[in-house]
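J.: Chains H and U, in that order, are what the protein sequence lines are.
Quick note on numbering: our numbering labels position 13 of the first sequence as 13, and the sequence is numbered without any gaps.
Quick note on numbering: our numbering labels position 116 of the second sequence as 116, and the sequence is numbered without any gaps.
Any given hint could be a false lead.
[To be verified] Here are the computed lysine-lysine pairs in the DSSO-like style, where the Cα-Cα straight-line distance is at most 27 Å:
(1) U:250 x U:30
(2) U:215 x U:20
(3) U:4 x U:20
(4) H:51 x U:188
(5) U:29 x U:16
(6) U:206 x H:47
(7) U:30 x U:138
(8) U:16 x U:4
(9) H:47 x U:4
(10) H:51 x U:206
(11) H:71 x H:91
(12) U:135 x U:53
If you are wondering where the hints come from, they were derived from the structure by calculation, not from laboratory data.
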Amino acid sequence: MSDINPEVQIFPLRLVSEDRAKALLADLNTIDNVKKTEYKGFLSQDKSVFKVGWIWVELATEEESVLGEIKDVCDRQLPFGYDIQRGRFTKYRATTADYLRGSVKEE
Amino acid sequence: MVYKAQFVPGESIVSKNRKKYMDPEYKFKKLRSLSDEDLVLVLGHRAPGEDFKSVHPPLDEMGEPDCIIRELVEPTEGAKAGDRIRYVQFTDSVYFAPITPYQRAWAYLHRYRGIDTGTLSGRQIIEARERDVEKYAKELIESETFDPARTGIRGRTVHGHAVRLDENGLMFDAMQRYIFDADSGEVKYVKNMGGEPIDRPVSVGKPLPDEELEKMTTMFRADGVSITKDPEVLEVVNAVHWGRTFGGYKSVNREGQ
Numbered sequence: 001m002s003d004i005n006p007e008v009q010i011f012p013l014r015l016v017s018e019d020r021a022k023a024l025l026a027d028l029n030t031i032d033n034v035k036k037t038e039y040k041g042f043l044s045q046d047k048s049v050f051k052v053g054w055i056w057v058e059l060a061t062e063e064e065s066v067l068g069e070i071k072d073v074c075d076r077q078l079p080f081g082y083d084i085q086r087g088r089f090t091k092y093r094a095t096t097a098d099y100l101r102g103s104v105k106e107e
Numbered sequence: 001m002v003y004k005a006q007f008v009p010g011e012s013i014v015s016k017n018r019k020k021y022m023d024p025e026y027k028f029k030k031l032r033s034l035s036d037e038d039l040v041l042v043l044g045h046r047a048p049g050e051d052f053k054s055v056h057p058p059l060d061e062m063g064e065p066d067c068i069i070r071e072l073v074e075p076t077e078g079a080k081a082g083d084r085i086r087y088v089q090f091t092d093s094v095y096f097a098p099i100t101p102y103q104r105a106w107a108y109l110h111r112y113r114g115i116d117t118g119t120l121s122g123r124q125i126i127e128a129r130e131r132d133v134e135k136y137a138k139e140l141i142e143s144e145t146f147d148p149a150r151t152g153i154r155g156r157t158v159h160g161h162a163v164r165l166d167e168n169g170l171m172f173d174a175m176q177r178y179i180f181d182a183d184s185g186e187v188k189y190v191k192n193m194g195g196e197p198i199d200r201p202v203s204v205g206k207p208l209p210d211e212e213l214e215k216m217t218t219m220f221r222a223d224g225v226s227i228t229k230d231p232e233v234l235e236v237v238n239a240v241h242w243g244r245t246f247g248g249y250k251s252v253n254r255e256g257q
């Protein structure tokens, strides 16, 4: 696992608008050792509204201090509360399905 | 001996609210008012001002056969006039909606006549004659069992009851039937129950604050009033569970009883 970067999942306790999510990501990207940020959500049926439900932050370090900085940003941007979890939540290597689909070139 | 109906067990605030809503003697508190035209727009079964369509002539003109049951049971207004069967359906959020689908069924069956009601995990439908539906819907929307943010009037694409609320505290609606008007702080319906746009927005009032909703709810929740805090409810739930598990459809046959 050592070559795999750790990740943090931010789970807001309310569904977040896309504007707020973008502002949150912009703030998260200013933190040192934040490698990549992503979010996931869903559209209303008429595609007029997008709500964000999950935010993932990939880190370049295992240091605890980064988590503190992330929490500071979240406290500011998500006043209604959030859950935060460390682990690995997004894809970091090709899966069997990717090989079957042919999206990975065999060496 | 005259029994006084207890309706549901328990002494907690949640049980008390359940009893209150189920007791037909109790009159729902009126929290908002909705004009007849607004109601017709939201339901979307007929255009405002349009006559009720009928499926049979009025009962008075039909010459009904001699029947003791027909003499005993007074028909509802809608049945008398021969209205079509129409419906109203509510979705209740798990986040402290004032009432839940199952309790809606219990309350409806104690209060309303000439209805067919169906329960699903997040929604509750009432089918009845059109003018009866309008009467019941008006009473329910104006009453304390409705919260503009946590209750939805949804005919189809009803899901959202277990989805997180949005930033304004509104339950998610995939069809975006209602919007939060930040200027007035009110929730406004811009589409009818079936998801079709309506001529003008219909306001259903301001959402209630969380503290208020927690006092009004009929929901046992770990972050509100937990079911474990009400021993009488727990006892009844346990009795039903074990009776059903060991007795099947004949819980009286359960061993040791």
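J.: Confirm or reject each hint.
T.: Each hint tested on the structure:
1. U:250 x U:30: Answer violated: residue 250 (chain U) to residue 30 (chain U) is near 43 Å, above 27 Å.
2. U:215 x U:20: Within the cut-off at roughly 13 Å; holds.
3. U:4 x U:20: holds, 14 Å
4. H:51 x U:188: Measuring from Cα to Cα gives roughly 19 Å; hence the hint holds.
5. U:29 x U:16: holds, 15 Å
6. U:206 x H:47: holds, 26 Å
7. U:30 x U:138: Given that 27 Å is the threshold and the Cα spacing comes to 11 Å, the pair holds.
8. U:16 x U:4: Judged against 27 Å, a Cα distance of about 15 Å means the pair holds.
9. H:47 x U:4: Since the Cα atoms of residue 47 (chain H) and residue 4 (chain U) sit roughly 53 Å apart, the hinted pair is violated (cutoff 27 Å).
10. H:51 x U:206: holds, 22 Å
11. H:71 x H:91: At roughly 23 Å apart (the allowed maximum being 27 Å), residue 91 (chain H) and residue 71 (chain H) satisfy the hint.
12. U:135 x U:53: Judged against 27 Å, a Cα distance of about 16 Å means the pair holds.
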